[in-house]
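Peer 1: One letter stands for each residue in the lines below.
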Amino acid sequence: MAYSEKVIDHYQHPKNVGMLDKSKNNVGTGLVGAPECGDVMRLQIEVDEATGVIRDAKFKTFGCGSAIASSSLATEWLKGKSVDEAVKIDNMTIVEELNLPPVKIHCSVLAEDAIKAAINDYRKKNGLEELQYEESAIH
Amino acid sequence: MLKLPIYLDHNATTPCDPRVVEAMVPYFTHAFGNAASRNHPFGWQAEEAVDIAREQVAKLIGADPKEIIFTSGATEGDNLAIKGVYEMYASKGNHIITCNIEHKAVLDTCRHLEKEGAEITYLNVKPNGLIDLAELEAAIKPATILIAIMYANNEIGTVMPIPEISSIARKHGVLVFTDGVQAVGKIPVEVNKDGIDLMAFTAHKMYGPKGVGALYVRRKNPRVKVTAQIDGGGHERGMRSGTLNVPGIVGFGKACEICMQEMEADAKRISFLRDKLENALLKVEETYLNGDKESRLPHVSNISFKYVEGEGLMMGFNKNIALSSGSACTSASLEPSYVLKALGLGDDLAHSSLRFGLGRFTTEEQIDYTIEQVTNAANKLREMSPLWEMFKDGIDLNTIEWAHH
Numbered sequence: 001m002a003y004s005e006k007v008i009d010h011y012q013h014p015k016n017v018g019m020l021d022k023s024k025n026n027v028g029t030g031l032v033g034a035p036e037c038g039d040v041m042r043l044q045i046e047v048d049e050a051t052g053v054i055r056d057a058k059f060k061t062f063g064c065g066s067a068i069a070s071s072s073l074a075t076e077w078l079k080g081k082s083v084d085e086a087v088k089i090d091n092m093t094i095v096e097e098l099n100l101p102p103v104k105i106h107c108s109v110l111a112e113d114a115i116k117a118a119i120n121d122y123r124k125k126n127g128l129e130e131l132q133y134e135e136s137a138i139h
Numbered sequence: 001m002l003k004l005p006i007y008l009d010h011n012a013t014t015p016c017d018p019r020v021v022e023a024m025v026p027y028f029t030h031a032f033g034n035a036a037s038r039n040h041p042f043g044w045q046a047e048e049a050v051d052i053a054r055e056q057v058a059k060l061i062g063a064d065p066k067e068i069i070f071t072s073g074a075t076e077g078d079n080l081a082i083k084g085v086y087e088m089y090a091s092k093g094n095h096i097i098t099c100n101i102e103h104k105a106v107l108d109t110c111r112h113l114e115k116e117g118a119e120i121t122y123l124n125v126k127p128n129g130l131i132d133l134a135e136l137e138a139a140i141k142p143a144t145i146l147i148a149i150m151y152a153n154n155e156i157g158t159v160m161p162i163p164e165i166s167s168i169a170r171k172h173g174v175l176v177f178t179d180g181v182q183a184v185g186k187i188p189v190e191v192n193k194d195g196i197d198l199m200a201f202t203a204h205k206m207y208g209p210k211g212v213g214a215l216y217v218r219r220k221n222p223r224v225k226v227t228a229q230i231d232g233g234g235h236e237r238g239m240r241s242g243t244l245n246v247p248g249i250v251g252f253g254k255a256c257e258i259c260m261q262e263m264e265a266d267a268k269r270i271s272f273l274r275d276k277l278e279n280a281l282l283k284v285e286e287t288y289l290n291g292d293k294e295s296r297l298p299h300v301s302n303i304s305f306k307y308v309e310g311e312g313l314m315m316g317f318n319k320n321i322a323l324s325s326g327s328a329c330t331s332a333s334l335e336p337s338y339v340l341k342a343l344g345l346g347d348d349l350a351h352s353s354l355r356f357g358l359g360r361f362t363t364e365e366q367i368d369y370t371i372e373q374v375t376n377a378a379n380k381l382r383e384m385s386p387l388w389e390m391f392k393d394g395i396d397l398n399t400i401e402w403a404h405h
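Just so you know, the sequences run in chain order Y and D.
Using this note's numbering, the letters of the first sequence correspond one by one to residues 1 to 139.
Using this note's numbering, the letters of the second sequence correspond one by one to residues 1 to 405.
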C-alpha cells in the first residue's frame with residue numbers, strides 16, 4: 001500500500017514533536033493507545049488562560065506512518081483554535097486531509113481521542129467538568 | 001554505484017536467476033508441446049524436458065525422480081500432502097500433529113480438516129522457535145497419522161530438528177510431512193537422511209519462477225500415497241492432474257541444479273553478510289534478535305527495535321530498501337505476527353520487528369547502506385516515540401494503565 005504524499009511529508013517533517021511541561025496548569029496531556037496495539041500517542045496542548053486559545057501543541061507517537069502523520073496534523077490544527085473549537089475536530093477530517101485508506105482510519109480515531117483526552121486533562125486541572133464523549137467506533 | 005531500491009525480502013520471493021530464465025525461454029516458443037502428447041515430437045520434447053527437470057529437482061533433495069509430483073507451488077503441495085494423507089489414511093486414524101508457527105497454508109489446511117472430523121494438535125514452540133521433542137512424542141497417540149512440522153520458519157529462519165522429529169515418528173509408525181519452502185536450496189535437505197516422507201517446496205524461493213513447485217512423496221520404506229485433490233487427466237501418477245507447466249518446470253529444474261552447485265558457497269558468503277548486518281543492528285540500544293541464533297537459515301535475521309513500530313520504521317527507508325515487518329500495520333488484520341507471538345514476545349516487541357532476508361545477489365555495499373539507513377530511521381523514530389522517552393526517563397511501561405483499544 002502506498003502512502004499519500006501528505007502522510008509522507010508529515011512523516012519526514014513532523015510538526016511539533018516534543019513535550020510541554022505537564023505540571024503547568026494550562027497544559028493538558030492526552031496519552032492514548034497501547035504498546036500492544038502498535039499505537040501510542042501523547043498529545044499536549046498549552047492554553048492561553050486569558051483568551052482560551054491553544055497557544056502551543058506537541059506530540060510524540062509510537063506507531064506507523066499514518067499514526068505519526070495524524071498526530072502531527074492534529075497538533076497543527078490545534079494551534080490557534082479555542083478549546084471549544086478544538087473539541088469539534090473530527091477524525092474523518094483527518095482521514096480526508098491525509099487521504100488515509102480504510103485500514104488506517106483507526107490512526108485518525110486515535111488522534112481524535114488524544115485531542116479529547118488532552119482537553120479533558122486541561123479541564124480537570126482547571127476545575128472544569130470533564131466532557132463526556134461518545135465511544136469511538138473502535139473501542 | 002549503489003543501485004536502489006535494494007531487495008532484502010528473499011523469504012517472500014527471489015528473483016529468477018538469469019540462467020534459469022535462459023533455460024525456460026525455448027519452452028514458451030518453439031518447444032511448446034504438451035508433455036502428455038505421446039504421439040508427436042512436440043510432446044516428446046516437452047516430456048524429455050520435464051524428465052530432466054524432475055531429475056534435477058529430485059537430486060537436490062536426494063530423492064528418486066519418481067517421487068517428485070509437480071504442483072503449482074508450496075501452498076498446493078501443503079494442501080495435497082495434508083489433505084491427501086488425511087483422506088488416504090482415514091482408516092488408520094484422524095489425528096495430525098503440527099505446530100503453531102507453521103505457514104498459513106499448513107495451519108489453514110489443518111483448520112479445514114478439523115471441520116471434517118480431524119483432530120489436530122498444535123504444538124507450541126519454545127522461546128527460540130523450536131518445538132520440544134518430548135512434547136511431540138507425548139502428543140502421539142494410536143490415531144496419529146501425520147506429523148507436519150516445517151523445515152525452516154519463514155519469519156525467523158529457525159531450522160527445526162527434522163531428523164530427530166522423524167526418528168520419533170518412525171518409532172511410532174507416523175508419517176512425516178515438512179514444508180521445505182524456506183530450506184530447500186538454502187541448506188542441505190536430504191529426504192533419506194532426514195527421514196522425510198512428504199515435503200512441499202517451491203521454485204520461486206530458490207531463484208526459479210513463480211507458479212511451480214513440487215511435492216516429494218516417498219515411494220519406499222514406507223510407500224506413501226496421497227489422495228488426489230485435483231481430478232482430471234491423471235497426470236503425475238494420478239496424484240495431481242493438470243497439464244504440466246513445462247517452462248516453469250524446466251526453470252525449477254535449472255534452479256535446483258544451480259542451488260546444488262552453489263548452495264554451499266552462497267550460504268557461506270550470505271551468512272557473512274547477514275552476520276555483519278545483524279551484529280551492527282544489535283549494537284543499537286534495545287534491539288533484540290528473534291528466534292534461535294544457531295539453528296537457523298544462513299540468510300535470515302529477525303530483529304525487534306523496541307519502542308518503535310515496525311511499519312513506521314520501514315517507512316523511513318522503504319523507498320530504498322525492501323523488507324518485511326511483523327507489525328500489525330503491514331497486514332489487513334491489525335494483528336501482529338502470530339509467529340513472533342508464539343515465541344512469547346509481547347505484542348509490543350512483535351510490532352517492532354523487521355525481517356531481513358538476504359539473497360544470492362546481495363552485496364556488501366547494500367548491507368552497509370542498510371545498516372546506516374535502518375539505524376538512522378530507528379534513532380529518528382525513537383526521538384518521536386513517547387515510549388522511548390518514558391524508557392529513557394526510567395518509567396516502567398508495565399506500570400502505565402494503557403487505554404486498550
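Source of the hints: derived by calculation from the structure; they are not laboratory data.
Source: prediction; values computed, not measured.
Be a bit skeptical, because a hint or two may be false.
Stated by the list, open to error - Restricting the straight-line Cα-Cα distance to at most 30 angstroms, the calculated cross-link-like pairs of lysine-lysine (DSS-like) are: (1) D:LYS59 - D:LYS220; (2) D:LYS392 - Y:LYS125; (3) Y:LYS79 - Y:LYS124; (4) Y:LYS15 - D:LYS319; (5) D:LYS380 - Y:LYS15; (6) D:LYS319 - D:LYS341; (7) Y:LYS79 - Y:LYS24; (8) D:LYS392 - Y:LYS22; (9) Y:LYS116 - D:LYS392; (10) D:LYS392 - Y:LYS124; (11) Y:LYS6 - D:LYS171; (12) Y:LYS116 - D:LYS293; (13) D:LYS380 - D:LYS83; (14) D:LYS210 - D:LYS319; (15) D:LYS3 - Y:LYS24; (16) D:LYS59 - D:LYS319; (17) D:LYS92 - D:LYS104; (18) D:LYS392 - Y:LYS15; (19) Y:LYS22 - D:LYS225; (20) D:LYS59 - Y:LYS6; (21) Y:LYS79 - D:LYS210; (22) Y:LYS6 - D:LYS293; (23) D:LYS380 - Y:LYS24; (24) D:LYS225 - D:LYS268; (25) D:LYS380 - Y:LYS79; (26) D:LYS220 - D:LYS66; (27) D:LYS293 - D:LYS225; (28) D:LYS171 - D:LYS104; (29) D:LYS104 - D:LYS66.
Peer 1: Determine for every hint whether it applies to the structure shown.
Peer 2: Here is what the structure says about each hint:
Of the supplied pair hints, the one linking LYS59 of chain D and LYS220 of chain D holds, its CA atoms being roughly 16 angstroms apart against a limit of 30 angstroms. Distance hint between LYS392 of chain D and LYS125 of chain Y is fulfilled; the C-alpha atoms sit about 27 angstroms from each other, no more than 30 angstroms. With a C-alpha separation of about 20 angstroms, the suggested pairing of LYS79 of chain Y with LYS124 of chain Y holds against the 30 angstroms cut-off. For the suggested pair LYS15 of chain Y and LYS319 of chain D, the alpha carbons sit about 22 angstroms apart, so the restraint of at most 30 angstroms is met.
Taking the CA atoms of LYS380 of chain D and LYS15 of chain Y, the gap is near 14 angstroms; set against the 30 angstroms cutoff, the hint holds. Pair hint LYS319 of chain D plus LYS341 of chain D holds up; C-alpha atoms about 28 angstroms apart against a cutoff of 30 angstroms. A threshold of 30 angstroms between alpha carbons decides the hint, and for LYS79 of chain Y with LYS24 of chain Y the separation of about 18 angstroms falls inside it, so the pair holds. Note on LYS392 of chain D and LYS22 of chain Y: the hinted pairing holds, with a Cα-Cα distance of about 17 angstroms set against a maximum of 30 angstroms.
Taking the CA atoms of LYS116 of chain Y and LYS392 of chain D, the gap is about 27 angstroms. The hint holds against a cut of 30 angstroms. Among the hinted pairs, LYS392 of chain D with LYS124 of chain Y is consistent with the structure: their alpha-carbon atoms are about 28 angstroms apart, no more than 30 angstroms. Our distance criterion of 30 angstroms between C-alpha atoms is broken by LYS6 of chain Y and LYS171 of chain D, whose separation comes to about 62 angstroms. The suggested pairing of LYS116 of chain Y with LYS293 of chain D is violated, with an alpha-carbon distance near 46 angstroms, which exceeds 30 angstroms.
A threshold of 30 angstroms between alpha carbons decides the hint, and for LYS380 of chain D with LYS83 of chain D the separation of about 49 angstroms lies outside it, so the pair is violated. A hinted pair counts as satisfied when its Cα atoms are at most 30 angstroms apart, and LYS210 of chain D with LYS319 of chain D qualifies at roughly 24 angstroms. The straight-line distance between the Cα atoms of LYS3 of chain D and LYS24 of chain Y is roughly 51 angstroms, outside the 30 angstroms bound, and the hint therefore fails. Pair hint LYS59 of chain D plus LYS319 of chain D does not hold up; C-alpha atoms about 39 angstroms apart against a cutoff of 30 angstroms.
For the hint pairing LYS92 of chain D with LYS104 of chain D, the CA-to-CA distance comes to about 26 angstroms; that is within 30 angstroms, so the pair holds. With a CA separation close to 22 angstroms, the supplied pair LYS392 of chain D and LYS15 of chain Y stays within the 30 angstroms bound. With a CA separation close to 70 angstroms, the supplied pair LYS22 of chain Y and LYS225 of chain D exceeds the 30 angstroms bound. This hinted pair does not check out: LYS59 of chain D and LYS6 of chain Y have alpha carbons roughly 53 angstroms apart, beyond 30 angstroms.
At roughly 53 angstroms between alpha-carbon atoms, LYS79 of chain Y and LYS210 of chain D are farther apart than 30 angstroms, so this suggested pair is violated. A C-alpha spacing of about 40 angstroms is found between LYS6 of chain Y and LYS293 of chain D, which places the hinted pair above 30 angstroms, so the restraint is violated. Proximity of LYS380 of chain D to LYS24 of chain Y is assessed by CA-CA distance (about 28 angstroms); at most 30 angstroms being required, the pair is judged to hold. Restraint check for LYS225 of chain D and LYS268 of chain D: not satisfied, since their Cα atoms lie roughly 37 angstroms apart, outside the 30 angstroms limit.
Taking the CA atoms of LYS380 of chain D and LYS79 of chain Y, the gap is near 24 angstroms; set against the 30 angstroms cutoff, the hint holds. Simply put, LYS220 of chain D and LYS66 of chain D have alpha-carbon atoms about 11 angstroms apart, close enough for the 30 angstroms limit, and the pair holds. With a C-alpha separation of about 37 angstroms, the suggested pair LYS293 of chain D and LYS225 of chain D falls outside the 30 angstroms cut-off, and the hint is violated. The suggested pairing of LYS171 of chain D with LYS104 of chain D holds, with an alpha-carbon distance near 28 angstroms, which does not exceed 30 angstroms.
Only pairs whose Cα atoms come within 30 angstroms are accepted, and LYS104 of chain D paired with LYS66 of chain D is accepted, the gap being roughly 28 angstroms.
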